[in-house]
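Chemist: Between the sequences and the hints, there should be enough to build the whole structure, so can you do that?
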Amino acid sequence: MEVDREDGRTQNQLRPLACSRNILHRAHGSASWSQGDTKVLAAVYGPKAGTKKNENPEKACIEVIWKPKTGQTGKQEKEYEMILKRTLLSICILTVNPNTTTSIIIQVVNDDGALLPSAINAACLALVDAGIPMKHLAIAICCVAKSGYVILDPTKLEEQQKMKAFAYLVFPNSVHSVLPEGSLSVQGEPIEHGIITSVTHGTMSVDDYFYCLDRGRAASVKLSDFLRRSLQQHSTDSSKAG
Amino acid sequence: MAAKPGSVPTTYPPNPGPKTRPPIFKDNDLDWVRPDGRGFHQCRPAFFRTGAVNSASGSAYAEFGNTKVIVSVFGPRESKKAMMYSDTGRLNCNVSYTTFATPVRGQGSDHKEFSSMLHKSLEGAIMLETFPKTTVDVFALVLESGGSDLPVVISCASLALADAGIMMYDLVAAVSVSCLGKNLVIDPILEEESYQDGSLMLTCMPSRYEVTQLTFTGEWSTPDINEAMQLCLDACDKLGKVMRSCLKEAASASQE
Amino acid sequence: MGLPNAIGDLSTEVEVEAFRRLFPLRFYEKHLSESIRPDARPLGRARDTTIALGAVASANGSALAKIGSTTMLAAIKMEVMTPSMETPDEGCIAIDFHMPPICSPIVRPGRPAEAAPVVSKQLSDTILSSGMINLKELSLVSGKAAWMAYLDIYCLDADGALFDTALLSAVAAFSHLDIPEVSLNDDGKIVLLSEEQEGMSDRESVNKEKRKVTLSSVPFSLTCILHKNYILADPTAEEESIMETLVTVVLDSSSQLVSLYKPGGPVLAYTSAIQDCIALTRQRAKELQKILDEAISGMEVD
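Chains as they are written, first to last, in this note's numbering: chain V, -6 to 235; chain D, -7 to 248; chain U, 11 to 312.
None of these hints come from the bench; they were simulated from the model. Computed from a predicted structure; not experimentally measured. Certain hints may be false.
Unchecked claim - List time: in silico DSSO-like cross-link candidates among lysine-lysine, alpha-carbon distance up to 30 Å:
1. K40(U) - K52(V)
2. K215(V) - K238(U)
3. K52(V) - K238(U)
4. K154(U) - K222(U)
5. K146(U) - K149(V)
6. K157(V) - K296(U)
7. K222(U) - K157(V)
8. K238(U) - K128(V)
9. K52(V) - K73(D)
10. K146(U) - K300(U)
11. K40(U) - K238(U)
12. K41(V) - K72(D)
13. K40(U) - K128(V)
14. K139(V) - K146(U)
15. K296(U) - K139(V)
16. K52(V) - K104(D)
17. K238(U) - K157(V)
18. K104(D) - K71(V)
Modeler: What follows is the structure, given as structure tokens:
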């Protein structure tokens, strides 16, 4: 089924991606990520000595501070902070720097849909830039589902159309491993098919959700390649791109 | 989305203003009937239950007519890091209301005045020297306000402390009396409190016959004070028995 | 009972408790390998659930829901507002979730729980997007007045599965909601049409027919823990703190998916696990519907 989209994209087409690393000099790591008109900045400070509140002698701690484009931090931002924190905790290796806190500050520059996935991608890049030990990357994508078809990476307009439901999905990237092929798969499914985070809004059928998963997984491969390529470039090259 | 912060429209409750309601008694009328049909010196039936909150060290629920409160006790636990060393334990009290407790929807914020009065009425009854360096937290939530909120909170809190196994000299029972015209009315409901000329609250340890707190508001004559205090002391004695039997029931139920 | 025996019982008891505190994960894994949980539940079973309607007299609708020892009190108070220009014939629902200090040792006055705003947001997203309440039913006078339903949910005892219990109490409070009969007075304000005034005023009620809200497609939820290959339904607070991967599935009465919420966590969710969680939620939704129906019919008898 063909669906017309406002900006002339096909349903599986993502908006142009751009990212750059090491854009802030005072932060230990930083990155910007944009897809279409959605742009997010992420800065990482740490690991620094654990504050009293987050003290844990066995594990490192992560705190996320979400700065909206305008206005004050409300419930929506608190929810984003919690999702981002739990997502990042699951991809970082926390036992390397016990009793430390790493702060991640997310600044929304412009919101044109798929805001949380963009922030997750940006935070992930910034963590790599800061040299925080990680198991793998997290690839976030937004899918809009409507009876039988799925469109990827919606703009704000497409997200807000009331009848539609959308899902934010986060997958691990495909791991290049020295272990024999298949040893990382779980129950016959490769590791990159596992869901790190799933957040949905609006009512959809169960089948639509699984269809979203399929499409999201396919798109995450492309995103994963893009991330890997941009990370392999030298930081001086990539700073020009931003 | 329906409820964005900042864009919430102003709302008002559809209740008629207080002026339209007739007063509960006329001037110089000595034989008016209380809205709930009680005698002037008759308390509402009291219901207590301990162990209402599992995650607390001790807790109690109290219901006096429409006044419903729940109190949790945590600790003795580590004092805040900023606190200095202390030979005796600390007591920390907090009273808050739900947004739907009052007839007109409130903010559900902390009640600072009640918090400090709860603290004062309890601290004399607790053996603070039995838990040095640590803090006992007493948190109360008024689920529904039906009048005489503070006395109910105080009685309920002492029961929660007993449930938590905190050492006390005695349970603390609290009762208030309102002065309406020429009548003294015990355990007033919300409507009576809104018309009162003066009020008196007495908290005491019934078996020791010792008062831990006594507060007055409004205009009182000396004979009235004496009469009101005697009323409260008698009522506290009865209330203390109800509380004690509640504790005994809980203890015998756990033994079985 | 003989004395030596009693002492022997006590010593093993203490050892188990100590083991549980020192090695919580191993303690749980030992149980899971036997397909049982420390509170004697099988893995997929939820705790005992009760609903009591009409717990708060000062509210227009209220309910107390308990799942295990997790307790939530939800109450709705109706106020009047002027509807917005875009939706002149729709009312509004404002949902807030509170965790007062009484509910858990980790909440202190002045330092609110981190979970409270998150659960609050999740609840309003779920309730508003499920289409359970038709906002048009909350209209009073088109363009002039509509109901604002303030739904406040208080957690009285926090022992895991907060969202599930809060959603259940919210749904039950809406099913108990009794909208007061009101009329439009001369100042253009909405006032109660109380019984004593009925004789005196000749004002017309503006909502004689609309005293209840219709609940279509009621959402029910189930939270599961994923740990290795195990799926534990309806976790307690202890289980949530030891095994951190949570999946919350919300299904409505026609088995549509309202929300599938998995915020991170060390365990990845594969398709089969998601399918299992959805199947468990389907079963649980039926149970909850039955419990709710029983609570409502119990009210009607009284």
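Chemist: All the hints need checking, so say for each whether the structure fits it.
Modeler: Here's how the hints hold up against the structure:
1. K40(U) - K52(V): Answer holds: K40(U) to K52(V) is near 24 Å, not above 30 Å.
2. K215(V) - K238(U): Status holds; Cα separation ~29 Å.
3. K52(V) - K238(U): holds (20 Å)
4. K154(U) - K222(U): holds (21 Å)
5. K146(U) - K149(V): Holds, because 26 Å separates the two Cα atoms, which is no more than 30 Å.
6. K157(V) - K296(U): holds (26 Å)
7. K222(U) - K157(V): holds (29 Å)
8. K238(U) - K128(V): holds (18 Å)
9. K52(V) - K73(D): Holds, because 22 Å separates the two Cα atoms, which is no more than 30 Å.
10. K146(U) - K300(U): Holds, at roughly 28 Å.
11. K40(U) - K238(U): The hint holds at about 13 Å.
12. K41(V) - K72(D): holds (23 Å)
13. K40(U) - K128(V): Answer holds: K40(U) to K128(V) is near 28 Å, not above 30 Å.
14. K139(V) - K146(U): Holds, at roughly 24 Å.
15. K296(U) - K139(V): Roughly 26 Å between the alpha carbons, so the hint for K296(U) and K139(V) holds.
16. K52(V) - K104(D): With a Cα-Cα distance of about 39 Å, the restraint between K52(V) and K104(D) is violated, given a limit of 30 Å.
17. K238(U) - K157(V): Between K238(U) and K157(V) the Cα gap is close to 34 Å, so the pair fails against 30 Å, i.e. violated.
18. K104(D) - K71(V): holds (28 Å)
The structure shown violates the earlier hints numbered 16, 17.
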